[in-house]
Amino acid sequence: MSSSNNPSTVGSALVKRGLADMLRGGVIMDVVNPEQAKIAEDSGAVAVMALERVPSDIRRDGGVARMSDPQMIIDIQASVTIPVMAKARIGHFAEAQILQALDVDYIDESEVLTPADEENHIDKWGFTVPFVCGATNLGEALRRIGEGACLIRSKGEAGTGNVVEAVRHLRTINAQIRRLHSADASELYALAKDLQSPLALVQEVAATGKLPVPLFCAGGISTPADASLVLQLGAEAVFVGSGIFKSEDPVRMAKAIVEATTHFEDATIVAKFSTGLGEAMRGAETSTLEVRLAERGW
Amino acid sequence: MPRVGVLALQGDVREHVAVLRGLGADVVEVRRAEQLDDLDGLVMPGGESTTIAYLLTTSGVRPVLERRLAEGLHVFGTCAGLILLSREILDGRSDQWSYGVLDVSVRRNGYGRQIASFESPVTVVGVGEVPGVFIRAPKIETWSDDVEVLATLDHGDGEHPVLVRQANVWGCSFHPELTADTRVHELFTNSL
Numbered sequence: 001m002s003s004s005n006n007p008s009t010v011g012s013a014l015v016k017r018g019l020a021d022m023l024r025g026g027v028i029m030d031v032v033n034p035e036q037a038k039i040a041e042d043s044g045a046v047a048v049m050a051l052e053r054v055p056s057d058i059r060r061d062g063g064v065a066r067m068s069d070p071q072m073i074i075d076i077q078a079s080v081t082i083p084v085m086a087k088a089r090i091g092h093f094a095e096a097q098i099l100q101a102l103d104v105d106y107i108d109e110s111e112v113l114t115p116a117d118e119e120n121h122i123d124k125w126g127f128t129v130p131f132v133c134g135a136t137n138l139g140e141a142l143r144r145i146g147e148g149a150c151l152i153r154s155k156g157e158a159g160t161g162n163v164v165e166a167v168r169h170l171r172t173i174n175a176q177i178r179r180l181h182s183a184d185a186s187e188l189y190a191l192a193k194d195l196q197s198p199l200a201l202v203q204e205v206a207a208t209g210k211l212p213v214p215l216f217c218a219g220g221i222s223t224p225a226d227a228s229l230v231l232q233l234g235a236e237a238v239f240v241g242s243g244i245f246k247s248e249d250p251v252r253m254a255k256a257i258v259e260a261t262t263h264f265e266d267a268t269i270v271a272k273f274s275t276g277l278g279e280a281m282r283g284a285e286t287s288t289l290e291v292r293l294a295e296r297g298w
Numbered sequence: 001m002p003r004v005g006v007l008a009l010q011g012d013v014r015e016h017v018a019v020l021r022g023l024g025a026d027v028v029e030v031r032r033a034e035q036l037d038d039l040d041g042l043v044m045p046g047g048e049s050t051t052i053a054y055l056l057t058t059s060g061v062r063p064v065l066e067r068r069l070a071e072g073l074h075v076f077g078t079c080a081g082l083i084l085l086s087r088e089i090l091d092g093r094s095d096q097w098s099y100g101v102l103d104v105s106v107r108r109n110g111y112g113r114q115i116a117s118f119e120s121p122v123t124v125v126g127v128g129e130v131p132g133v134f135i136r137a138p139k140i141e142t143w144s145d146d147v148e149v150l151a152t153l154d155h156g157d158g159e160h161p162v163l164v165r166q167a168n169v170w171g172c173s174f175h176p177e178l179t180a181d182t183r184v185h186e187l188f189t190n191s192l
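Going down the list, the sequences are from chains D and W.
Here our numbering is used: position 39 in the first sequence is 39, and no number is missing along the way.
Here our numbering is used: position 87 in the second sequence is 87, and no number is missing along the way.
Please keep in mind that the hints were generated in silico from the structure rather than gathered at the bench.
Using N, Cα and C, we set each Cβ at its ideal position, and we do this for glycine too.
Hints may be right or wrong, so weigh each one.
To be verified - The calculated label-pair distances, taken between Cβ atoms and stated as ranges, are:
no.: 1; chain 1: W; residue 1: 141; chain 2: D; residue 2: 62; range: 43 to 53 Å
no.: 2; chain 1: W; residue 1: 40; chain 2: D; residue 2: 292; range: 48 to 58 Å
no.: 3; chain 1: D; residue 1: 209; chain 2: W; residue 2: 156; range: 36 to 46 Å
no.: 4; chain 1: W; residue 1: 3; chain 2: D; residue 2: 101; range: 40 to 50 Å
no.: 5; chain 1: W; residue 1: 38; chain 2: D; residue 2: 178; range: 33 to 43 Å
no.: 6; chain 1: W; residue 1: 90; chain 2: D; residue 2: 248; range: 30 to 40 Å
no.: 7; chain 1: D; residue 1: 248; chain 2: W; residue 2: 94; range: 24 to 34 Å
no.: 8; chain 1: D; residue 1: 71; chain 2: W; residue 2: 97; range: 31 to 41 Å
no.: 9; chain 1: D; residue 1: 284; chain 2: W; residue 2: 144; range: 54 to 64 Å
What the hints assert, rightly or not - Just a sample of chain D residues kept apart from chain W, beta carbon distances all over 12 Å, derived:
no.: 10; residue: 52
no.: 11; residue: 53
no.: 12; residue: 66
no.: 13; residue: 119
no.: 14; residue: 178
no.: 15; residue: 188
no.: 16; residue: 237
no.: 17; residue: 249
no.: 18; residue: 295
So that you can see chain D by itself, here it is in the shape it has in the complex (with noise of 0.2 Å):
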């Protein structure tokens, strides 16, 4: 028998991204509380991003939204054996880093939160936990990726039940992908310079004809069918905030979401498990909301 004994790395690029890839296929949900999570895990969520509001009441209440309370957090993870994520304000690296001193499994750079620096992102890669971070388009997934992310999400527009954004943003970067992949060469410094982004995250996009990092979906799902539409649209994974506990009956969406998750290409299967789920949650038409939230971050 052999053995092994050398001298091991963490943190790694790798190690990172590779936690996202195990989420793949996976539903990400909102917790506010230990009873909220365990109904989370019960339900199949892949992981639980701890917050102490959800989306839709952040923007109900107003005020400046922070990184929530440790004892929360603590309480979540220790409620729980699936990653926890948790999220600190744009730019807010002592945020990001009582995060990681908490052991979080993922750290999530969120427009949800009020930003704390109108200009820099936080240098994500300094730090042992990896970072998701959100996108409108591709040239913002990409600065992302530049400062750190393992993790591309979607941002949609949180808390509104609405996935009309989920659904532009996503199409917007995948089509942005594509123009890259069939970009010849000598184009990709021009489109480095559209896309205000680092030339060799370009040229690896304009190769392999994806994101070098997991490309999920988040804000303003709220229903089986939602979950199916994104995934069909390219997302590999989907948070869902508001969309669970603001619903009639979170237990059964809950799991009305993972399986049209896994099964998104069977129709037959969720349609089954959209039937007779109570009401979703009340939408907002985005076109009359008084805070986008996408909008922040750049």
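For this one, chain D is given, so just place chain W on it according to the hints.
Quick look at chain W alone, frame taken from chain D:
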């Protein structure tokens, strides 16, 4: 050409499919029980073991796979897949079930949460050194004499098996599918 299924309910299915196709296997993604028919082997990928266990139950795959395993279906579980094959799960959910066809006890996240996830080379019997990617990895804590240990790792608390085989059942704590080195998968496909 062996016909190999990849359990495709959740997790890093795509990487396993790509590696197996590269090795010349006829690959089937398995989401429904009838897709287990006529397989020479099955790979159970990394992912969240609680989620995959839940979906095995709701999809109706669970009892059919149990029967196929009892009949001797060759199976290779990585990470979450290892957990689902093990006889005993430590630090799991109180109601977490497993197929119990691999006589080991595994501790979920036995190598720590994500911040402790690591890369380390692993030396595999008959193969040599392969890259090991350990992500919230399960740790094999005890194993019976029926289990052949193909690789171990000392991650600061003594040698623990990280690649094992018991007859038709293979289990791995790390993720060979996340690297370009296909030799661990080759060990499995060569056994079919």
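To see whether the hints hold, each was checked on the structure:
1. 141(W) x 62(D): 43 to 53 Å: Once the Cβ atoms are compared, 50 Å apart, the range 43 to 53 Å for residue 62(D) and residue 141(W) holds.
2. 40(W) x 292(D): 48 to 58 Å: For residue 292(D) against residue 40(W), whose Cβ atoms are near 53 Å apart, the range 48 to 58 Å holds.
3. 209(D) x 156(W): 36 to 46 Å: Distance hint for residue 209(D), residue 156(W) holds at roughly 41 Å.
4. 3(W) x 101(D): 40 to 50 Å: holds (49 Å)
5. 38(W) x 178(D): 33 to 43 Å: holds (37 Å)
6. 90(W) x 248(D): 30 to 40 Å: holds (38 Å)
7. 248(D) x 94(W): 24 to 34 Å: holds (29 Å)
8. 71(D) x 97(W): 31 to 41 Å: About 32 Å separates the Cβ atoms of residue 71(D) and residue 97(W), which means 31 to 41 Å holds.
9. 284(D) x 144(W): 54 to 64 Å: This hint holds: roughly 58 Å between Cβ atoms.
10. 52: holds (22 Å)
11. 53: With a cut-off of 12 Å, residue 53(D) remains clear of chain W, as the shortest Cβ separation is near 25 Å.
12. 66: Consistent with the label, residue 66(D) stays out of reach of chain W, its closest Cβ about 22 Å off (over 12 Å).
13. 119: The claim stands: residue 119(D) keeps its Cβ more than 12 Å from every Cβ of chain W (closest is about 28 Å).
14. 178: Nearest chain W Cβ is 19 Å from residue 178(D), so the label holds.
15. 188: holds (25 Å)
16. 237: Per Cβ check, residue 237(D) is inside 12 Å of chain W; nearest 9 Å; violated.
17. 249: holds (17 Å)
18. 295: Non-interface label stands for residue 295(D): nearest chain W Cβ at 30 Å, farther than 12 Å.
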